[in-house]
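A.B. asks: For this one, chain A is given, so just place chain B on it according to the hints.
Chains A and B, in that order, give the protein sequences.
For what it's worth, full-length UniProt numbering labels the leading residue of the first sequence as 1, then goes sequentially.
For what it's worth, full-length UniProt numbering labels the leading residue of the second sequence as 1, then goes sequentially.
It is possible that some hints are incorrect.
As the list claims (entries may be wrong) - Below, computed lysine-lysine pairings styled on DSS-like, alpha-carbon distance capped at 30 Å: (1) A/LYS169 x B/LYS7; (2) B/LYS7 x A/LYS135; (3) A/LYS203 x A/LYS193; (4) A/LYS165 x B/LYS7; (5) A/LYS203 x B/LYS5; (6) A/LYS85 x B/LYS24; (7) A/LYS24 x B/LYS85; (8) B/LYS235 x A/LYS5; (9) A/LYS5 x B/LYS5.
Bear in mind the hints are in silico, worked out from the structure with no lab data behind them.
There are 2 protein chains.
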Amino acid sequence: MISDKMKNLVANNSAIRAMFEEGKRLASIYGEENVFDYSIGNPNVEPPENIKNAINEILNEESPNFVHGYMNNSGYEDVRDEISKFLNNKYKLDLSNKNIVMTCGAAGGLNIMLKTLLNPEDEVITFAPYFGEYKHYTNNFDGKLVIVKPDTSTFEPNMDELREKITPKTKVVIINTPNNPTGVIYSDAALKKLSSILEEKQKEFNTNIYLISDEPYREIVYDDVEVPCILKYYKNSFIGYSYSKSLSLPGERIGYVVINDDMNDFENIACSLNIANRILGFVNAPSLFQRVIGKSLNTEVDVNIYKRNRDLLYNHLINLGFECLKPQGAFYLFPKTPIEDDKKFCEDAKKFNLLLVPGSSFGCSGYVRISYCTSYEKIERSLSAFDKLMALYK
Amino acid sequence: MISDKMKNLVANNSAIRAMFEEGKRLASIYGEENVFDYSIGNPNVEPPENIKNAINEILNEESPNFVHGYMNNSGYEDVRDEISKFLNNKYKLDLSNKNIVMTCGAAGGLNIMLKTLLNPEDEVITFAPYFGEYKHYTNNFDGKLVIVKPDTSTFEPNMDELREKITPKTKVVIINTPNNPTGVIYSDAALKKLSSILEEKQKEFNTNIYLISDEPYREIVYDDVEVPCILKYYKNSFIGYSYSKSLSLPGERIGYVVINDDMNDFENIACSLNIANRILGFVNAPSLFQRVIGKSLNTEVDVNIYKRNRDLLYNHLINLGFECLKPQGAFYLFPKTPIEDDKKFCEDAKKFNLLLVPGSSFGCSGYVRISYCTSYEKIERSLSAFDKLMALYK
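Okay, chain A solo, but in the shape it has when bound (with noise of 0.2 Å):
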């Protein structure tokens, strides 16, 4: 009786439930701390405890009618204000509440833009390895996903097959910086590399081609790496942005939207995205979250706590013999499982207690996702287990 859309979801669900019983299985069994779910991208850092100073000073000083009240469907004037001046310090720009939307984190943003701009039929290109949730977004407006193949060298966007798979039907890039699952950050020279063959394929199939850069993890990066600021390196480019990672808040849904100011259609698109996020059912991001962002703009969880854990799992697997690219940001490693099927490999991990996930869900097959967002003693009780299943293949 369900729609034909659902009907597929519903029927490949039993397999993602079927892990999740079977992590709690292993856990009756071996004891919670013995079983070791590297599957998950919950954090476990600890939101910052301005956070908890913030809700209690709005709960305390603010209206609670206005607090808890509707507002313009893009959000709060005064904390849009407040996050363009953020984004304008940090990135030396010329934002102000108009360019900015307040979303239901980055999945509601994501889907606000795609309602916005694809009609059935329309293409939306991103590069593997990639978030398995862009698949569905895009299906919710009936565009089609077109995936480029991963670099593995660099796992930076591969820019031939990028050119080639480009048509008349292209309206959207998705980019995701820092990657989910590689912990690559795109380069100055790749961004500018992907703008300028955007460019070109705007003219020569005389298209607007929209440019959407996904950077949940954005402040997620260590070895003081800084992301480059996709609104500068190409005109018709959006940023989807949440604080689920920045400020381990993703059962928040609290995020934004930022439009380039340069964009073409730049009145009718925003307007849009103000409809869309009301027809869609968001109405507006949650209104408490909001205020609570607009005080918290210069809060950060501890992101030593992440590099910590990287360190630590990231050396034991290069000693194992593991090729991993070392990741400049979000909370994975994406290392070449040592035997071609990555499936397989992640059974096999299972006997271990090793919850891990396959490439191939994120379009990579031959490489596993390991997601370190655990506590460091639970990684470093998993290290031996990690040395077994290694020696399988030797």
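C.D. replies: Frame of chain A, contents of chain B only:
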């Protein structure tokens, strides 16, 4: 450059913006206290003090990673347990957490239900006067909204026309009780009749017709009237609920869907709602406010404040000669306009700084919506403006 679906909406948006600008213009000339904005549905009654206490308790007692973290996309199980117990107690039901999906308000709930149920060209029937957003929600999934004309004698569903308009394509029927804009609560007799028609047509066409009762005003009722529970009338039924009105939290986007235990295809539908929450970009209802609701189930705003407003304005309009059903719930009056052209009437009203919404916006011309969720003192000050308006037609 924006999608075809959004183009018209963006074009029409200028009319809405014009009304908003007109309100601001009037306020700048006459002072905000002398402009009577009866057009909005933003609750003016404060959220109960309990809400603030519940937030403080949660922040002090529960782990921040749990309170602000991801959970099952259908919501925290303990909160869904509490809601099912609350409903079991209120309506003598036998629900469990499996029947409850936490949603981003009623708007989020309606969207995940329609995503779950609709194939393109499927028909959704609703009853005028109706909430205009139903059109957009249906259009999001390429369904077709079919409007049953109003029965202006009772403002209950027009049953004869309903029977005629059900086709093999009818997948969903939406009712809204207590109703926006009429304030009518659908009676036991009406719900029985409605259900028997749907049962009959399901058999005739060998289809499933799902009934959604959209109930954001369920707790905003007067004179001890009870809102009957749709789950007891019809197997294939859902409730869409929101705390926007009952707790004055419209900006927080928190509500739930109830799936009738006896529904056909229950398991697939429950699973699909869970996935739809995720892939439409809601991911989950905002986490802190889920937990707040778990502690606030027996809390309500002071409905007497709305009742006093209703009585003041209703009595005044009746004395002026308006024809109007006395609303049993919600916070709107929906009188007949003294001239046939309700849009002209609303234009005339502006001359006296009265901002009203024409019934045509709800598919019911010749009527007008007056939203009395504003201060009693402001309503008092506005009464002479209604006198002057009515005098135009004497």
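A.B. asks: Among the hints numbered above, which are violated by the structure, and what are their numbers in rising order?
C.D. replies: none
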